[in-house]
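**Q** From just these sequences and the hints, can you work out the full model?
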Amino acid sequence: MIKIDIVDRPLEFFPNDDSRLQDGAELIFNGRVRATEHGDSITALEYEQYEGMAENELFQLAEETCKKFPIHDLFCKHRVGRVNVGETSLHVAIWSKHRQEGIDAMSWFIVELKKRVPIWKWAIMEDGSRIPSECSHG
Amino acid sequence: MIKIDIVDRPLEFFPNDDSRLQDGAELIFNGRVRATEHGDSITALEYEQYEGMAENELFQLAEETCKKFPIHDLFCKHRVGRVNVGETSLHVAIWSKHRQEGIDAMSWFIVELKKRVPIWKWAIMEDGSRIPSECSHG
Amino acid sequence: MIKINIKCFSQVKYALDTDELRLELKNGTTSVELEKMIREKSKGKLDGISMRIAVNQKYIPNDIKLHDGDEVAFIPPVQGG
Amino acid sequence: MIKINIKCFSQVKYALDTDELRLELKNGTTSVELEKMIREKSKGKLDGISMRIAVNQKYIPNDIKLHDGDEVAFIPPVQGG
Numbered sequence: 001m002i003k004i005d006i007v008d009r010p011l012e013f014f015p016n017d018d019s020r021l022q023d024g025a026e027l028i029f030n031g032r033v034r035a036t037e038h039g040d041s042i043t044a045l046e047y048e049q050y051e052g053m054a055e056n057e058l059f060q061l062a063e064e065t066c067k068k069f070p071i072h073d074l075f076c077k078h079r080v081g082r083v084n085v086g087e088t089s090l091h092v093a094i095w096s097k098h099r100q101e102g103i104d105a106m107s108w109f110i111v112e113l114k115k116r117v118p119i120w121k122w123a124i125m126e127d128g129s130r131i132p133s134e135c136s137h138g
Numbered sequence: 001m002i003k004i005d006i007v008d009r010p011l012e013f014f015p016n017d018d019s020r021l022q023d024g025a026e027l028i029f030n031g032r033v034r035a036t037e038h039g040d041s042i043t044a045l046e047y048e049q050y051e052g053m054a055e056n057e058l059f060q061l062a063e064e065t066c067k068k069f070p071i072h073d074l075f076c077k078h079r080v081g082r083v084n085v086g087e088t089s090l091h092v093a094i095w096s097k098h099r100q101e102g103i104d105a106m107s108w109f110i111v112e113l114k115k116r117v118p119i120w121k122w123a124i125m126e127d128g129s130r131i132p133s134e135c136s137h138g
Numbered sequence: 001m002i003k004i005n006i007k008c009f010s011q012v013k014y015a016l017d018t019d020e021l022r023l024e025l026k027n028g029t030t031s032v033e034l035e036k037m038i039r040e041k042s043k044g045k046l047d048g049i050s051m052r053i054a055v056n057q058k059y060i061p062n063d064i065k066l067h068d069g070d071e072v073a074f075i076p077p078v079q080g081g
Numbered sequence: 001m002i003k004i005n006i007k008c009f010s011q012v013k014y015a016l017d018t019d020e021l022r023l024e025l026k027n028g029t030t031s032v033e034l035e036k037m038i039r040e041k042s043k044g045k046l047d048g049i050s051m052r053i054a055v056n057q058k059y060i061p062n063d064i065k066l067h068d069g070d071e072v073a074f075i076p077p078v079q080g081g
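Residue numbers (the working numbering), protein chains in the order written: chain L, 1 to 138; chain G, 1 to 138; chain F, 1 to 81; chain B, 1 to 81.
It is worth saying that the hints were derived from the structure and are not from the lab.
Glycine residues also receive a C-beta, built at the ideal position from the N, C-alpha and C atoms.
Heads up, a few of these hints could be off.
Label pairs and their in silico Cβ distance ranges [to be verified]:
no., chain 1, residue 1, chain 2, residue 2, range
1, F, K58, L, H72, 21 to 31 Å
2, L, T43, F, K41, 26 to 36 Å
3, F, E33, L, D17, 18 to 28 Å
4, G, Q22, F, E20, 33 to 43 Å
**A** Pasting the structure below:
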């Protein structure tokens, strides 16, 4: 099963679920905002999405991941809007029979997410200015 | 930092912590008991430890992992005693600057744990009998 | 003439200082021709920035002819996660 | 004579039907000699089961002489996780 959610508020993590009978491995990745971006101190990132397309691309990617790897379920939440330093911007959970397939699926899913899902970061600098993340070291 | 805990009750997961400033990646692995062991239906596993040595080996392994990979923190809880199907027997959390080093460290840590930490599984079969996991398939 | 709605994100938004552009173009204008216009409009601010093109919220693999009412986005390198 | 405390886990416990054994051995008995005794004691139930040896809760890389009061464990393949 796949669950995809893009939300503009602090992420609620998927709750603990002890009812799974055939999932020996549960792998969770949380991407958090670091206090430095390209060497500059920041107070937050602001994530911008291409509304509609971002969710569609994320769902399609999750489907591809579930076909490519023998995993059972993939749940993913991505936050948009302002995310303060330390907070979670990406929450992914993968359930599989064994560990290695979950690890491989997680790796691939996030690499691909960072290639194709139309979401971008704006750095909120300590002086309050707001610039596309890639420009911050220019 | 390293935290190691071997406990004989349901595992409490490490709480969410938004105060980390330089950990862009948080990776959590939960090993759960599956309803089948070597093809046989089970109702639970009972984990047996070599008390003292298991915790020492786990701590030493965590230290090696933190030296071998550029990660910041590794927390690990292992449950012993009876663990019902669906419940978590192993809970590992790794924090690192970037994703890949956390994934590599998690993979290696668990592979090594399964080689050297003196903990064993007894299968609790549907008829209530209790046998070392390796013997259950004859 | 065809009416095209252009969505601007990240560095494209920053360079053009707008979220959205509405342009009227000659029939038969292609996605690559429109990209050229956008790069010119940015007065060099998009130089060196690679962009993929999405038409109606799907990446397109090749240059295509645009149609009246199309939504086009020039997608600079994405940064999710 | 030396007194040795043997801890039994998993398949060793199952084969010998005990948690713990206390043996008095000749001075100079080695870990490998003790392993042989334990395998004989199991009447074939430990055949085909590989075991590492821990003395005083540390794996030992080579055969060593045992000392009075040592705690020895024959560690069948571990199964944590």
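**Q** Holds or violated: 33 to 43 Å for the Cβ distance of Q22 of chain G and E20 of chain F?
**A** 37 Å, holds
**Q** Is it true that E33 of chain F and D17 of chain L lie within 18 to 28 Å of each other by Cβ?
**A** 52 Å, violated
**Q** How does the Cβ-Cβ distance of K58 of chain F and H72 of chain L compare with 21 to 31 Å: does it lie in that range?
**A** About 29 Å separates the Cβ atoms of K58 of chain F and H72 of chain L, which means 21 to 31 Å holds.
**Q** Taking 26 to 36 Å as the hint, is the beta-carbon distance of T43 of chain L and K41 of chain F inside that range?
**A** 32 Å, holds
Violation of the numbered hints given earlier is confined to hint 3; every other hint is satisfied by the structure.
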